[in-house]
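A.B. asks: Going line by line, the protein sequences match chains X and E.
Quick note: the first sequence uses the numbering used here, first residue 12, plus one each step.
Quick note: the second sequence uses the numbering used here, first residue 20, plus one each step.
Derived by calculation from the structure, the hints in this document are not laboratory data.
Computed from a prediction, not measured in an experiment: that's the story for all the values here.
Hints may contain errors.
Claimed, not checked - Calculated lysine-lysine pairs in the DSBU-like style (CA-CA distance at most 35 Å, straight line):
hint, chain 1, residue 1, chain 2, residue 2
1, E, K22, X, K20
2, X, K25, E, K117
3, X, K20, E, K125
4, E, K117, X, K81
5, X, K82, E, K129
6, X, K94, E, K125
7, X, K82, E, K71
8, X, K20, E, K117
9, X, K94, E, K88
10, E, K117, E, K22
11, E, K88, X, K81
12, X, K25, X, K82
13, E, K125, X, K68
14, E, K71, X, K94
15, X, K68, E, K129
16, X, K25, E, K125
17, X, K25, E, K88
18, X, K25, E, K22
19, E, K117, X, K82
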Amino acid sequence: DGGITQSPKYLFRKEGQNVTLSCEQNLNHDAMYWYRQDPGQGLRLIYYSQIVNDFQKGDIAEGYSVSREKKESFPLTVTSAQKNPTAFYLCASSIRRLAAASTDTQYFGPGTRLTVL
Amino acid sequence: DAKTTQPPSMDCAEGRAANLPCNHSTISGNEYVYWYRQIHSQGPQYIIHGLKNNETNEMASLIITEDRKSSTLILPHATLRDTAVYYCIVRVPYNFNKFYFGSGTKLNVKP
């Protein structure tokens with residue numbers, strides 16, 4: 012089945028530790044995204060990548076880093092510089108522009124819930 | 020991108036149609052209306068999108084007013100599994116950093 016996988020589903024980390032969240036897609040999508048969701052809130056964009064070896068900061072990139080070495084993979088590292096990392100993290104992907112009339116529907120993974128102890 | 024306004028919550032009886040409204044009075048001509056839903060502790064699920072014509076798929080129907088200032092998502096026969104937060108988003112396609120999910124509408128489907 013085509014889709015987006017995120018691992019692990021639950022992640023616990025001690026303060027001061029870096030942690031990497033995995034996101035893999037087999038939809039052959041060029042663009043990938045990372046969002047953060049806090050309880051009762053909407054999604055906020057952390058980073059996005061339109062193509063391999065390129066990525067851009069979103070609205071809340073401080074304390075996070077990403078890499079895009081392969082089309083299928085877009086891992087997110089939550090660094091010790093992120094002051095309040097406990098949250099639900101969502102990865103998404105979409106196609107790039109194919110034609111003027113097309114749209115870029117984003118498809119989401121199941122999410123990783125990160126808790127800092 | 021245009022802002023959207025949705026009621027914070029709605030109730031619907033199981034088997035009845037659920038009509039979820041969204042106001043986007045400042046929408047511009049090239050902005051699409053997207054609907055997603057999020058079941059508790061899962062990733063958002065794409066439902067439907069449209070520009071100005073009404074749209075229907077296997078999940079739902081999207082009715083956009085002629086002036087495009089508001090829209091309604093219709094779930095024709097709601098089930099308990101449709102209980103979720105529903106998000107209405109307006110945006111220009113391929114503005115990669117402009118996909119804003121607000122607080123949405125919590126739909127409670129009751130037996």
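A.B. asks: Looking at the structure, which of the earlier hints fail to hold?
C.D. replies: 5, 9, 11, 14, 15, 17 and 18
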